[in-house]
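Student: Sequence:
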Amino acid sequence: MNVVLPPRVVAGDRVRLVSPASCPSEEVLAESVRVLESWGLVVEVGEHALDRHGYLAGRDADRPAGLDDAYRDPGVRAVIATRGGAGAYRIAHDLGFDAVRADPKPLVGFSDITNLHPALWRHCRVTGVHGFLAGARSAAATRSLLMDGEPVVLHRDRERRRRAPRHPRLVRRRRTAEPGRRGPVPGGPARSGWGTSTGS
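So the sequence shown is residues 1 to 200, counted in full-length UniProt numbering.
It is worth saying that the hints were derived from the structure and are not from the lab.
Given the structure is predicted, the values throughout are model-derived calculations rather than measurements.
Any given hint could be a false lead.
As the list claims (entries may be wrong) - Now the in silico label distances, taken between C-beta atoms and shown as ranges:
#1 H123 / E27: 27 to 37 angstroms
#2 R90 / W121: 14 to 24 angstroms
#3 D148 / R14: 11 to 21 angstroms
#4 R52 / L5: 27 to 37 angstroms
Think of the CB as a built atom: it goes at the ideal place given N, C-alpha and C, for glycine as much as any other residue.
Please model the entire structure based on the sequences and the hints provided.
Tutor: Structure follows, in structure tokens:
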């Protein structure tokens, strides 16, 4: 399969905001709409974009449906995640890959949405846009990738690094569990939630 670069988005194109991970606040959603409209885009908010189910933007069955609806709509030219957060990994295998292959369009997102970018790459060879709309610099970089097709060069800001406070107690300190200790292990076995450390 060849690499698929979705077409650039141009002013007047319709884009859809979806929430495949955590739920945005109404304020964040309104700001995203404002930014996208300032680029000359016609913005739609997906049906489940403000759903809430615990910390997620709706149930696992609804979140991929929002993505699928956007990919199946030929008038939508880009799919933009309202935020990252959590839960995208739970729906990555449920995406409608046939619809993505039939009408490739960029999926814009960051944080937890990066769980969906590799799924689209693996099954469809479609590239995504790692970006978000909060903050002027981030929005400008996302706009450049989405609308101009220009690569954004990342570089290390050496001056900022010099100004950063140092916390020697928080870095370069190795921590291990004592062998034989028992108790809850965050991220451990899903069935029991308990584990035994082996030490290292």
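Student: Would you mind marking each hint as holding or not holding in the structure?
Tutor: Here is how each hint holds up against the structure:
1. H123 / E27: 27 to 37 angstroms: 35 angstroms, holds
2. R90 / W121: 14 to 24 angstroms: 18 angstroms, holds
3. D148 / R14: 11 to 21 angstroms: Once the Cβ atoms are compared, 19 angstroms apart, the range 11 to 21 angstroms for R14 and D148 holds.
4. R52 / L5: 27 to 37 angstroms: At roughly 35 angstroms between Cβ atoms, L5 and R52 fall inside 27 to 37 angstroms, so the hint holds.
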